[in-house]
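There are 2 protein chains.
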Amino acid sequence: MEKQISQAVIARLPRYFRYLGDLKDKGVERISSQELSSLMKVTASQIRQDFNNFGGFGQQGYGYNVEYLYGEISKILGLTEKHHLIIIGAGNLGQAIANYMNFEKRGFIFKGIFDANPALHGKQIRDMVIQPMDNMESFIKENDIDIAVLTIPKTGAVEVANRLVKNNIKAIWNFAHVDLNVPKDIQVENVHLSESLMKLSYKLTKEQ
Amino acid sequence: MEKQISQAVIARLPRYFRYLGDLKDKGVERISSQELSSLMKVTASQIRQDFNNFGGFGQQGYGYNVEYLYGEISKILGLTEKHHLIIIGAGNLGQAIANYMNFEKRGFIFKGIFDANPALHGKQIRDMVIQPMDNMESFIKENDIDIAVLTIPKTGAVEVANRLVKNNIKAIWNFAHVDLNVPKDIQVENVHLSESLMKLSYKLTKEQ
Chain A
60 MEKQISQAVI
70 ARLPRYFRYL
80 GDLKDKGVER
90 ISSQELSSLM
100 KVTASQIRQD
110 FNNFGGFGQQ
120 GYGYNVEYLY
130 GEISKILGLT
140 EKHHLIIIGA
150 GNLGQAIANY
160 MNFEKRGFIF
170 KGIFDANPAL
180 HGKQIRDMVI
190 QPMDNMESFI
200 KENDIDIAVL
210 TIPKTGAVEV
220 ANRLVKNNIK
230 AIWNFAHVDL
240 NVPKDIQVEN
250 VHLSESLMKL
260 SYKLTKEQ
Chain B
60 MEKQISQAVI
70 ARLPRYFRYL
80 GDLKDKGVER
90 ISSQELSSLM
100 KVTASQIRQD
110 FNNFGGFGQQ
120 GYGYNVEYLY
130 GEISKILGLT
140 EKHHLIIIGA
150 GNLGQAIANY
160 MNFEKRGFIF
170 KGIFDANPAL
180 HGKQIRDMVI
190 QPMDNMESFI
200 KENDIDIAVL
210 TIPKTGAVEV
220 ANRLVKNNIK
230 AIWNFAHVDL
240 NVPKDIQVEN
250 VHLSESLMKL
260 SYKLTKEQ
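Chains as they are written, first to last, in the working numbering: chain A, 60 to 267; chain B, 60 to 267.
Since the hints were made in silico from the structure, they are not lab data. Please note that the accuracy of each hint is not assured.
Remember, identical chains collapse to one label, so a pair may be satisfied in a single copy or spanning two.
[As the list claims (entries may be wrong)] Derived lysine to any residue pairs resembling SDA-like cross-links, with alpha carbons at most 25 angstroms apart:
# : residue 1 : residue 2
1 : Lys164    : Asn249
2 : Lys85     : His236
3 : Lys262    : His236
4 : Lys258    : Phe113
5 : Lys258    : Val101
6 : Lys265    : Asp193
7 : Lys258    : His236
8 : Lys258    : Asn151
Everything numeric in this text was worked out from a predicted model, so none of it was measured.
Bound conformation, chain A alone (with noise of 0.2 angstroms):
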């Protein structure tokens, strides 16, 4: 397990975990490559490389086990731990991932959440008390926390990542449209919601 897996085949690993858990929650035992390939429209010769990755996943006479297939590849993606995360910046998108519920059960603790905003101190989300961006990093030293959820203007965002980083965070979810510039052991994800409306807008030209 130790060899380097490309980012392709990493990228792919929460799409084969989505349609295993759906076909998991249907009552479906065993899928063939065949049928997952129709299913998921990928090639079956894709879904067996990529599972060759990871040893196989067992053999494809009988095809794959699903709830055994969907437990390795959640151990593979680290969702049998648990992460402890707060959100910096209480505006409609902190909201919107304070409130999604689904995420826990993923092992994504959300534990706090922060904005400069004194307007908006003390207010809650769901149980959780909107905090002072002061109080940051004593309560992730306090609340032993890994990930931290960037929903700030670009701005900001630098100053703060870099905070976080001194504070020993581990990971950032950033979707503060910049590049964050932290250490190479920093794992960041951008998620940069006009660059994929630009990408649509590209395939929205070319098709005219």
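Given chain A's structure and the hints, the job is docking chain B onto it.
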């Protein structure tokens, strides 16, 4: 310009656009591929290769003209055209997108917002009244809507997507955590937030 441009190049265009916009705002007139390279942390040769897909955008000795390059990439991305957009789903995420004024600067004009929940009907987001889903079809026709943003749970998303397709929507920006099976001429761009969080989780797990 009619040759096939790779998905990887297209995916990088919005980032070039963002950096060039920042440079333009700072009054920078020209930039070499080397300078852009160190700023964006990609190789100068990748920048030149990417730009060569579109004719190269001017000579290397002088560097690129920032304003011209920004304008050309803007045209390629279709950002000089106007698109009419509706949002389906007036929850936190739908509201976050409705309130993100920057999209309008890029030609994405927010025309209306819809929700299945009667408790929300008549409430306002920006200066827009939340409408019932029954109004959607006639609204699309009367307002020449070409993009729909789906910010609803996965259970209703496939059915709503089919209704959108029947009413000649051209593109769907899909935040629902499900694959939409729409005809090939309908452009879809997916933003699956939980898959993004799983990728972050994977990176965290690998680092431990």
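Do the hints match the structure? See the list:
no.: 1; hint: Lys164 to Asn249; verdict: both (22 angstroms within a copy, 22 angstroms between copies)
no.: 2; hint: Lys85 to His236; verdict: between (39 angstroms within a copy, 17 angstroms between copies)
no.: 3; hint: Lys262 to His236; verdict: both (21 angstroms within a copy, 21 angstroms between copies)
no.: 4; hint: Lys258 to Phe113; verdict: between (32 angstroms within a copy, 16 angstroms between copies)
no.: 5; hint: Lys258 to Val101; verdict: both (22 angstroms within a copy, 20 angstroms between copies)
no.: 6; hint: Lys265 to Asp193; verdict: neither (48 angstroms within a copy, 32 angstroms between copies)
no.: 7; hint: Lys258 to His236; verdict: both (15 angstroms within a copy, 19 angstroms between copies)
no.: 8; hint: Lys258 to Asn151; verdict: both (23 angstroms within a copy, 23 angstroms between copies)
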